[in-house]
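Novice: Residue numbers (the working numbering), protein chains in the order written: chain A, 536 to 696; chain B, 536 to 696; chain C, 536 to 696; chain D, 536 to 696; chain E, 536 to 696; chain F, 536 to 696; chain G, 536 to 696; chain H, 536 to 696.
Simulated from the structure, these hints should not be mistaken for laboratory data. Any given hint might turn out to be false.
Okay, derived cross-link-like pairs now, DSS-like style, lysine-lysine, Cα gap no bigger than 25 Å in a straight line [said to hold, decoys possible]:
hint, chain 1, residue 1, chain 2, residue 2
1, C, K692, A, K538
2, E, K692, D, K623
3, F, K623, A, K623
4, F, K538, H, K690
5, C, K681, C, K692
6, E, K692, G, K538
As the structure is a prediction and not an experimental result, all values here were calculated from the model.
Protein chains: 8
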Amino acid sequence: MVKVGIIMGSDSDLPIMQEAADILNQFQIEYEIRIVSAHRTPHHMVNYASTAIERGLKVIIAGAGGAAHLPGMVASITTLPVIGVPVKSSNSVDGWDSILSILQMPNGVPVATVALNAAKNAGILAASILAIEDPRLSQELSLYKKQMEANVLEKDKKMNQ
Amino acid sequence: MVKVGIIMGSDSDLPIMQEAADILNQFQIEYEIRIVSAHRTPHHMVNYASTAIERGLKVIIAGAGGAAHLPGMVASITTLPVIGVPVKSSNSVDGWDSILSILQMPNGVPVATVALNAAKNAGILAASILAIEDPRLSQELSLYKKQMEANVLEKDKKMNQ
Amino acid sequence: MVKVGIIMGSDSDLPIMQEAADILNQFQIEYEIRIVSAHRTPHHMVNYASTAIERGLKVIIAGAGGAAHLPGMVASITTLPVIGVPVKSSNSVDGWDSILSILQMPNGVPVATVALNAAKNAGILAASILAIEDPRLSQELSLYKKQMEANVLEKDKKMNQ
Amino acid sequence: MVKVGIIMGSDSDLPIMQEAADILNQFQIEYEIRIVSAHRTPHHMVNYASTAIERGLKVIIAGAGGAAHLPGMVASITTLPVIGVPVKSSNSVDGWDSILSILQMPNGVPVATVALNAAKNAGILAASILAIEDPRLSQELSLYKKQMEANVLEKDKKMNQ
Amino acid sequence: MVKVGIIMGSDSDLPIMQEAADILNQFQIEYEIRIVSAHRTPHHMVNYASTAIERGLKVIIAGAGGAAHLPGMVASITTLPVIGVPVKSSNSVDGWDSILSILQMPNGVPVATVALNAAKNAGILAASILAIEDPRLSQELSLYKKQMEANVLEKDKKMNQ
Amino acid sequence: MVKVGIIMGSDSDLPIMQEAADILNQFQIEYEIRIVSAHRTPHHMVNYASTAIERGLKVIIAGAGGAAHLPGMVASITTLPVIGVPVKSSNSVDGWDSILSILQMPNGVPVATVALNAAKNAGILAASILAIEDPRLSQELSLYKKQMEANVLEKDKKMNQ
Amino acid sequence: MVKVGIIMGSDSDLPIMQEAADILNQFQIEYEIRIVSAHRTPHHMVNYASTAIERGLKVIIAGAGGAAHLPGMVASITTLPVIGVPVKSSNSVDGWDSILSILQMPNGVPVATVALNAAKNAGILAASILAIEDPRLSQELSLYKKQMEANVLEKDKKMNQ
Amino acid sequence: MVKVGIIMGSDSDLPIMQEAADILNQFQIEYEIRIVSAHRTPHHMVNYASTAIERGLKVIIAGAGGAAHLPGMVASITTLPVIGVPVKSSNSVDGWDSILSILQMPNGVPVATVALNAAKNAGILAASILAIEDPRLSQELSLYKKQMEANVLEKDKKMNQ
């Protein structure tokens with residue numbers, strides 16, 4: 536059953552947002568990947584956010600660039616945790632607009648913001664949220680962390696020689 | 536008949552946004568002043584924007600601070616010109632978040648952004664838009680400009696003595 | 536009859552500003568496209584702005600980069616609505632100078648600023664302003680919005696499969 | 536049973552971080568509030584993060600200012616979701632250092648960052664994460680959202696009169 | 536005979552710009568101090584700049600804040616050296632708008648920009664320009680520099696004891 | 536006789552700084568072009584600045600990037616007007632370091648700062664300073680301005696057809 | 536014997552720089568505290584830096600604000616390690632100028648930069664440098680670290696009750 | 536005997552950090568170069584920092600990008616001087632995150648920060664620290680400075696001809 540909704544405002548964001556999907560695949564978490572634009576399909580966006588819980592979603596990952604309203608607007612409608620990915624799109628002012636318009640949400644409506652273009656981390660964060668009540672996933676995350684550690688230690692070993 | 540809708544996300548923005556109302560009063564333009572929050576009342580916001588034209592509005596002035604989504608979201612729903620006022624609210628990062636999240640709208644959905652806290656200029660811009668087909672208003676704006684000029688020239692005269 | 540004046544400080548801004556012209560063409564709005572530099576042709580600029588109303592212009596779109604004074608100076612002379620397009624020119628400090636020197640106009644002299652390089656949005660904003668008293672144009676804008684929406688929904692459909 | 540650990544680098548951050556505790560109280564979520572400094576008590580920090588899961592914590596909220604390493608370092612050790620609160624401390628460069636050193640985590644180690652000083656939103660985000668498998672909490676969040684909405688609608692009603 | 540014109544866009548800039556006048560007084564350089572607004576009195580500004588040379592001015596000091604167009608516009612009209620003083624006015628975005636809109640002039644039209652609020656330095660720079668062909672003034676500047684040096688050395692002496 | 540000293544901290548700045556030399560050539564102003572590093576040749580720098588007046592220099596143009604101390608340090612030693620050119624060197628943080636470390640000089644020691652990489656404008660500013668007492672140069676500058684204007688008007692004419 | 540020279544450009548920086556002296560006192564490291572301005576006493580600065588080694592200094596701590604050239608210029612003359620303290624002085628652009636003009640030194644001439652206004656940390660860094668060959672000092676630093684840790688642990692204990 | 540530890544969070548930082556190694560080679564200072572990630576190998580990092588003194592290290596150079604916690608975390612554990620190199624990594628926001636998260640350390644835990652990507656300067660700074668009690672190294676640094684000076688003077692000579 537689909538647990539994570541990955542949405543983005545434009546298919547031009549797909550190369551970035553695909554990384555969220557890839558890592559969810561790796562953790563065997565079912566997801567859907569959709570184009571939902573706050574600015575060009577506001578009613579679709581309202582509908583998507585309003586029905587997210589009843590459709591069984593547990594977490595939403597929303598990526599957007601420039602005046603990036605998608606994550607915040609979705610968070611204004613659903614009570615699910617929303618993870619925001621600021622995308623450094625071509626019309627962005629060096630990514631600052633994407634970061635600030637996702638991060639600086641007013642009291643009452645949080646967005647869990649990750650680093651610029653960090654869709655992979657959005658996927659890992661979604662996994663860590665779902666892992667709270669899922670021992671398999673919790674263990675997978677633990678292994679992932681150990682693997683990362685082992686890779687760096689291996690590289691360090693080589694460099695140290 | 537009400538021609539301009541002045542909206543803001545929170546009544547804490549009223550001291551700033553009142554300046555838009557004051558200048559519209561001065562130009563004898565009817566307006567309404569409302570609290571419409573993109574993040575706390577998204578359905579109210581969609582409704583407000585969707586019915587704006589049929590209710591006779593010609594221009595919408597929207598003020599917001601922080602991750603300021605109100606102007607852009609209203610512009611995503613209505614085809615009326617939307618003037619955005621970035622408000623330097625208490626939780627803003629020096630106003631940069633307010634400016635960038637209003638200004639940096641994607642192609643297809645413009646917001647006519649004015650300076651930080653410049654609700655007065657939003658009112659004047661609304662007047663200049665309405666003046667296109669309103670000779671009385673056009674003349675008023677012309678007089679307003681001349682009065683500003685005269686005031687500065689008067690001050691210069693005094694200083695020059 | 537020409538209703539919109541598109542002006543820019545240098546022909547190096549033409550690739551950006553042409554997008555304003557293209558969208559006005561699409562909406563069948565007559566425009567002129569001119570080179571008017573605040574810094575290199577100040578008298579031409581004063582003359583252009585002073586005669587804009589009598590020449591029948593309704594809206595002026597002004598693009599400029601760096602210390603971008605053209606939109607603000609034109610707005611200081613005419614009472615027409617002036618839309619400013621901050622251009623990220625080659626000598627710009629990442630576009631911040633263009634944005635701030637167009638946006639941060641003092642009380643009394645607003646410029647309707649759009650996003651960095653967003654000449655297309657300037658054209659749409661001009662159309663939405665002209666549409667206030669033009670039912671055909673209002674309907675065209677409505678169709679444009681619906682078409683944008685349909686395009687995104689179509690892309691979402693494909694991605695969802 | 537304590538489900539949320541609220542930690543901060545210094546008791547000078549308490550006035551901000553208390554807001555996270557208050558909102559968790561409101562949602563009847565048990566929490567602990569602790570001082571854990573990445574820079575002054577690194578071993579305590581490692582220990583706190585390493586034992587978080589076995590102690591039953593589900594989510595960690597970490598607030599810090601300046602070169603704010605606490606959220607990211609805790610996230611490097613535990614697989615629990617870590618929510619970072621950038622604090623605009625007295626020695627901060629307008630909050631930019633706090634924001635960037637929490638948000639910009641490398642691939643593999645996400646921190647769910649909220650707005651500057653937004654400890655209240657950190658609490659709400661923690662609640663929304665815990666609500667995924669907790670129908671009571673999910674309903675509480677839904678009521679909270681409705682109450683926020685009702686409050687704004689009430690204020691709008693008054694202003695509209 | 537008046538050699539330096541000190542101009543500012545608004546009398547609210549006077550407390551800052553007075554420091555330019557004070558230092559010119561100290562160097563016995565005649566000046567005038569005037570209010571000339573690019574945005575509110577564009578024709579006055581054009582006239583002031585156009586007649587500056589024939590009126591005997593040698594240097595113009597122009598202070599402005601926000602979207603600060605006065606120094607650049609005056610420089611676009613006269614061939615006199617124009618010294619720009621970015622003023623951190625109340626509506627400025629921390630002074631960045633004032634700095635960038637004065638400094639970032641395009642090729643062909645320089646403005647000699649000094650530090651934020653540094654009207655005193657504008658006065659000293661004007662003196663150093665006039666001193667090129669004025670041995671008395673050159674000597675005065677030399678004495679001024681020595682006096683500054685002596686003051687610091689004196690303070691160092693005291694601290695060293 | 537050499538009237539303008541063009542100095543730079545490194546020969547890597549030459550492609551930028553050459554533009555100052557070119558424009559001085561065009562105005563028939565004699566100059567020298569030298570490498571003087573505040574950080575790598577501090578004694579050479581002190582010597583260059585100390586002897587500038589006796590060697591007949593009237594204006595110094597100093598270009599530097601990163602922590603750009605050359606213009607300010609030369610200005611601390613000589614009473615000649617010093618024009619600073621912030622260079623966006625390879626190790627610069629987008630040019631901000633170059634701009635701020637040249638512009639933000641303390642009271643008593645001004646540097647006439649021009650735009651990022653604007654060595655050409657530094658040359659024109661030097662010419663405008665020297666023109667104060669040089670009618671030929673003043674006329675040349677006037678012609679230069681008119682030529683710039685004519686070029687833009689010509690381009691506007693073509694575009695208008 | 537004096538081992539550390541604490542210098543600052545102006546006595547207005549003393550309240551900040553005194554913290555460096557206080558911590559050196561605490562570690563029983565002899566220091567001198569002097570006013571040495573790169574811009575107002577360049578020859579004094581050159582002299583101070585040139586004679587630092589022969590006078591027995593081991594480390595120099597230099598604080599400055601705005602276009603802060605003192606640390607970098609001293610580092611250009613002496614081979615001693617120079618610690619730079621960016622001071623957020625009254626004329627600074629939010630401290631950014633102080634930070635960038637101290638930090639961004641070119642290859643060959645490093646300055647060990649600490650945080651904005653962090654004179655205390657400059658003192659601790661000086662101590663850690665001197666401790667390399669001084670077992671007493673190394674032990675003192677170790678105790679200092681442990682005391683910091685103990686203080687935080689104590690506070691955590693109280694809060695945890 | 537190895538005196539300097541050069542560490543970095545990822546081997547992608549090696550091209551930058553190699554410059555620190557190269558300059559230490561040139562000064563005949565023994566070093567090790569290691570991969571130690573604060574975020575992916577926190578226990579390795581704690582271990583590395585904890586044993587640095589007993590292993591004979593005198594100075595640690597740590598390079599990192601983005602939310603760069605490595606230098607500060609190492610400094611929180613060891614009392615050795617830690618030199619931080621902000622790396623402009625691919626996921627960095629123009630280097631600002633790297634700079635601020637290394638530089639802005641809280642009171643008690645300094646990091647000696649050098650310029651963006653300035654690993655070479657980190658090496659020179661390490662040498663200058665070690666030179667305090669090492670006359671050979673002190674002389675080497677003096678020669679290095681003179682050689683730099685000679686190189687610039689030579690280039691100036693050529694340009695002057």
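Novice: Look at each hint and say if it fits the structure.
Specialist: Here is what the structure says about each hint:
no.: 1; hint: C:K692 - A:K538; result: 19 Å, holds
no.: 2; hint: E:K692 - D:K623; result: 39 Å, violated
no.: 3; hint: F:K623 - A:K623; result: 23 Å, holds
no.: 4; hint: F:K538 - H:K690; result: 22 Å, holds
no.: 5; hint: C:K681 - C:K692; result: 16 Å, holds
no.: 6; hint: E:K692 - G:K538; result: 19 Å, holds
Checked against the numbered hints above, the structure breaks only hint 2 and satisfies the rest.
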